[in-house]
Structures are given as structure tokens and as C-alpha cells.
Amino acid sequence: MSDMPITPPVDRIDYRRRQKIGRIVQRLVILISAILLTAYVLAPVSWLVSSAFQTETEIVSIPPHWIPEHPTLRNFEAIFTAGNDEPVTYETRSGTDPAAGDFIPSTAENLLPSMANSLIVATLVVILNLLVGVPAAYAIAKIRFWGRNASVYFILITRVIPDIALVVPFFLVIRKLGMLDTLGSLVITYLAITVPFTVFILIQYFEGLPDELDKAARVDGCSRFQALIKVFLPLSMPSLVAVVLFTFLTSWNEFLLALMFTQTSASQTLPILLASFTSDFTVSFSFLNAAGVLAVVPPVIVAIVFERYIVSGLTAGAVKG
Amino acid sequence: MLFLAPVMAVLGAVAVFPIAYSLYISFFSMKLTRPNRTPFVGLKNYTDLLADEAFWGAVWRTVSFSLVSVTAIALIALLVSLLLNQEFRGRRILSTILLVPWAIPYVANALMWKWIYDSSYGALNGLLYQLDFIDKYMVWLGDQDKTLFLIANAFVWKEVPLATILLLVSLKSIPSDIYSAARVDGATVWQRFVHVTLPAMKPGFLLVMIYETMMAIRHFDLFFILTEGGPGSASHVLSWHIYVETFRNLSFGSGAAMSYVLAIATFALSYLFIRTLGRRI
Chain A
1 MSDMPITPPV DRIDYRRRQK IGRIVQRLVI LISAILLTAY VLAPVSWLVS SAFQTETEIV
61 SIPPHWIPEH PTLRNFEAIF TAGNDEPVTY ETRSGTDPAA GDFIPSTAEN LLPSMANSLI
121 VATLVVILNL LVGVPAAYAI AKIRFWGRNA SVYFILITRV IPDIALVVPF FLVIRKLGML
181 DTLGSLVITY LAITVPFTVF ILIQYFEGLP DELDKAARVD GCSRFQALIK VFLPLSMPSL
241 VAVVLFTFLT SWNEFLLALM FTQTSASQTL PILLASFTSD FTVSFSFLNA AGVLAVVPPV
301 IVAIVFERYI VSGLTAGAVK G
Chain B
1 MLFLAPVMAV LGAVAVFPIA YSLYISFFSM KLTRPNRTPF VGLKNYTDLL ADEAFWGAVW
61 RTVSFSLVSV TAIALIALLV SLLLNQEFRG RRILSTILLV PWAIPYVANA LMWKWIYDSS
121 YGALNGLLYQ LDFIDKYMVW LGDQDKTLFL IANAFVWKEV PLATILLLVS LKSIPSDIYS
181 AARVDGATVW QRFVHVTLPA MKPGFLLVMI YETMMAIRHF DLFFILTEGG PGSASHVLSW
241 HIYVETFRNL SFGSGAAMSY VLAIATFALS YLFIRTLGRR I
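As given, the protein sequences belong to chains A and B, one line each in that order.
As numbered in UniProt numbering, residues 1 to 321 make up the first sequence, in order.
As numbered in UniProt numbering, residues 1 to 281 make up the second sequence, in order.
These are computed hints drawn from the structure, not numbers from a lab.
All C-beta atoms in this analysis are idealised placements derived from N, C-alpha and C, irrespective of residue type, glycine included.
All the pointers check out, no bait thrown in.
Okay, the calculated beta carbon distance ranges per label pair: (1) B:N249 x A:L180: 14 to 22 angstroms; (2) A:W146 x B:N249: 46 to 54 angstroms; (3) B:V16 x A:T182: 20 to 28 angstroms; (4) B:V16 x A:I24: 56 to 64 angstroms; (5) A:G147 x B:F17: 17 to 25 angstroms.
Over the 10 angstroms line for every Cβ pair with chain B, so calculated as not near, a few chain A residues: (6) R16; (7) R17; (8) F76; (9) T81; (10) I127; (11) L180; (12) T182; (13) G184; (14) L209; (15) V219; (16) M237; (17) P238; (18) T264; (19) T282.
Mimicking DSS-like on lysine-lysine, the simulated pairs with C-alpha atoms at most 30 angstroms apart in a straight line are: (20) B:K31 x A:K176; (21) B:K146 x B:K136; (22) A:K230 x A:K142; (23) B:K172 x A:K142; (24) B:K44 x B:K31; (25) B:K44 x A:K176; (26) B:K172 x A:K20; (27) B:K136 x B:K114; (28) B:K202 x B:K172; (29) A:K142 x A:K215; (30) B:K114 x B:K146; (31) A:K230 x A:K215.
The task is simple: from the sequences and hints, build the whole structure.
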């Protein structure tokens, strides 16, 4: 017994200590990267938000005030009261804030209507997407028919057409139809950039639902249409939510096509109005940032509330393994 | 198929027809300044393009913008997805926060970065000044050598979340026993990363590269708001070139020809994308 080699206990302690140190280092690396990532993502947005609550006097300080010293709601007030009684202009505002360059564009009163326009367009696009996309996805996922693969590839190909390649023909057709500067022109053209994605996500989801459901429903005397409405739709809520979200956000955020087809406040969407503010060098910075915040808040809230659906939807559009 | 009819009708009207019509237009000299005469010119719009130095300049800038952006997106998204693949407290909150840039409209993103880069009161100047990296405020977007990188930075910031989500899918698909096996075989952290993690992420990377390149090549919004192609022609990319040719010079024929070139380039690139996605259905 005594001459058996004894494992020196030092080794084990060393191993344990190394493991412990390794774990601490790992924790530290995770902590630091998490902080860095949060800063990277949130710093630009925080700066935008902070600026929106500063007065024009404060916003032009050098170096900048990272946190407003005298937070104000006046920039938002200017947006929400614009066009109510008296137009908010350089004169009416400079009376209260003597700082130079405190200029609210006369188009400020179009901001809320443009949000309404964005909302209307996005809602209509969502509805049309569902009407068109759901039956198509069901057919491709659950019905074996001649030309099924061709349809899949056709839809995928339409998904990669760059929007800018559609601008010239769209413009000419829409002008010919007399639809320039109407919300209808946006609803129609936005279908091109939303429908392929919608169908694609829905196909993926429907494929995951068992074929037996379809067969059982049909044996019970359902038509294809009834099977879709009564059996599949209630089961596909998560994917429908994802589709609604993507379609809504895409329409709400779209800029290029809206830039081509809208001219007046009758059809201008929020991004168009924002862009018009940025190209005007006289517009007050604080007002501009407040308008920016208004454009950012709705989609960000939607994204945070529906995070789970969005991530699973985006993942469905990805390649597994 | 009755179920497919609506989608085919819609896509036929808003995708196939415009693309075909665009090809047709590109064979004509169509200038809105001269609305009553649109002579057929055959391939002239295309041959003119080949000889047009501004066009090739725009192509080159588009390529460099895309290369820089997509590389940065892939690298940052790789790091972020490795982080989010770990178990730690606050991971859920972090992945929710990550969706913020993704949700922000591009126009608001552009407005935000324009304000950050502002030469008189911007945050970039303020920060670098306070940290003593610069001794006077700089005109960032006015610097020809920096413009494209600064725009790329704004683009990258917004695209990283989506790329991260796509990469996380591949990461999650790696069975954990492969790691255990590698550890038993004595593989170090780095060896496990190089020989297990990276190969498994290949499909994810491929998808991110192709998708983000497609997005970068066609990107327009940031260029419109941040620089309008300037200073000089430093950020005069292809999408901006098409916009100027079509809606400022009102030359629809050559504009259509250019956008056709862009569409074909995209198709060539997305061939793989379509194949991979199509095979799964």
C-alpha cells in the first residue's frame, strides 16, 4: 500500500482552481460584451430621444448635453398643436424661445395626417396580404398539384426583385391610371414588396401542421375552403401575427416608392414628411428630433411587445441547419 | 387552382408585368422633357451605360459600400450571436433590445445618424471632443474619404439584428454533445470554435451574406437623406444614380436600363438564395 504512487492532490486543486478562474473569466467576458452591445444598440437612439426633449438653446450647446438639463415637451407640443388655431411659425415660436434657428416648418401640421396616411396604407396592405397570401400558402403547403414547385420558385423570384427596378414602370403605369398622389398607388405597389414574404412564411408554417388535419376535416365533409378557415387558420395564429407585423412594419417604414408617387399631404406618408424636414436646413434640430422620435416609437413598441412572434417569423425565413 | 389565382394575379400585376415593361422601356429613348417623341433605340441605352464613366463609378462605389457593410454586419452579428447563445441573466432583455434598430424606419435611422454626424452640434463630434480625440469639430459627412464608411456604419447598425437572428438559428442547431465530445478529446475553446462552431454556421453565414448584399446593393434611403450622393460624387452609388437619371434628368429609358442591370445583378446573386430556400419547401 505504502509504495503505491499517490496522486499529488495539488493537481486536482489546480484543476479545480483553473476551472473556477475559467468560469469567472467567462462571466466577465459575457458581462462586458453585454454592456458593450447594449451601448452600441441604445446609445444612438438615446441621443435622439434626449435631443427631442431639449430646447433649441440647449441643443446647440458645445459640448452637447447628453441628458437634457431643462427637459421640455415643447417640441412635441409644436407637432400636436400645429395647424390647430394659429400656424406655428418662426415668429410665434421665437416669441417664447429667443434662441436662433428655432424654426418649425409650415408643413409641421401635416405630420399627424401623414401618420394617419401611413396607418391607412399599412392596414390595407396587411388585409390584402392576408386575403391573397393565406389561400396560396395553404394550396402550396397542403395540396399536391402540377406546377407546385414552379409556383414556389416563382414566388421566391418575385421576392428578390429590387424595389428600385420597379420604380420606373410603376411610375409610368400609375401616372397613366391617374393614380399619382393617391394612397391607392402605395397600397398596390407595396404588395410587390410584401406578398412574396408573406406567402413564404405561411407556407413554412402550414407545412409544419400535420396533413392528417386536412384529411380529417375533408372526411368530415369540409370543403378545402372550410378546412382552411375552420381548421388551419385557428392553428396558425402565431404565423398570422408574424405576417401582420412584418407587412405592417414594411409598409409603415417604406420610403422609395412613396417618394416617387406622393406629392401632397393627401398621400404623403410619415417617412416622406420626415425626409422633407431633414432636407430643409432651416428646420430646428429639436423639432426634427421630436418628429424622429414620433416615427420611431410605434414600430419599436410593436417590435418589443411582439418580440417572440417576430423572431420566430424571421427565423422561418431563414435556412435551418 | 382557385386558391393560387389571387396571388398569381397580384404578383403578375405588381412584379412580373413591371419587370417586363421595364425591359421594354429600356429599349426606347424616353425623356419626360420631350414627352411626345420616344424613339426606339434598341440596345443603345445599354451600350451607352458601358461607356458611361459616372455609371462605372457608381457601380464601384456600390460594390465597395456593399463589401464594407456586409463584412462588418457578418463580423458583428457573429460576435453578438455567440454572446446571445450563452445562458446568462438578462439575455432575454438583451435580445429584445436588439430588435430596436431592426424596427426603426430607415428614414428615422437616417435622420438619427445625420444628427449624430452633425458638424456643428452632433454627438460624434461632442463625444470625440470630450474624450480629447479631436481638438475641433469635424465635418464628418463632408469628408470624401469617410462618407461611404459613415453611411455604411448607419446601415450596419440597422442590419446587425436581423443577421444575428439568422446566425442564431445555425448556432442553436449545433447539438451540445458535439461540444462535450470535443472537450473530452481535449479541444481548447478556440479549437472548438474553429472546428465545431464555425463549420456549423456556414449555412447561416451564406444566407446572411447573400441577403445583406442584396439589401446593400439596392439601398437608397440613407444616401438620399445623409448625403444625396455627395460630397462631390463620394457616395454616388448605383441606386442614387438611377434616381437622379430617372427623376432629376427625367430620362426614363436609360433609368430603366440601369435598374435592369441592377435587377439582373441581384438575380445572379440571389440564385443561391432561391435554391436554398426553395429546396426546403
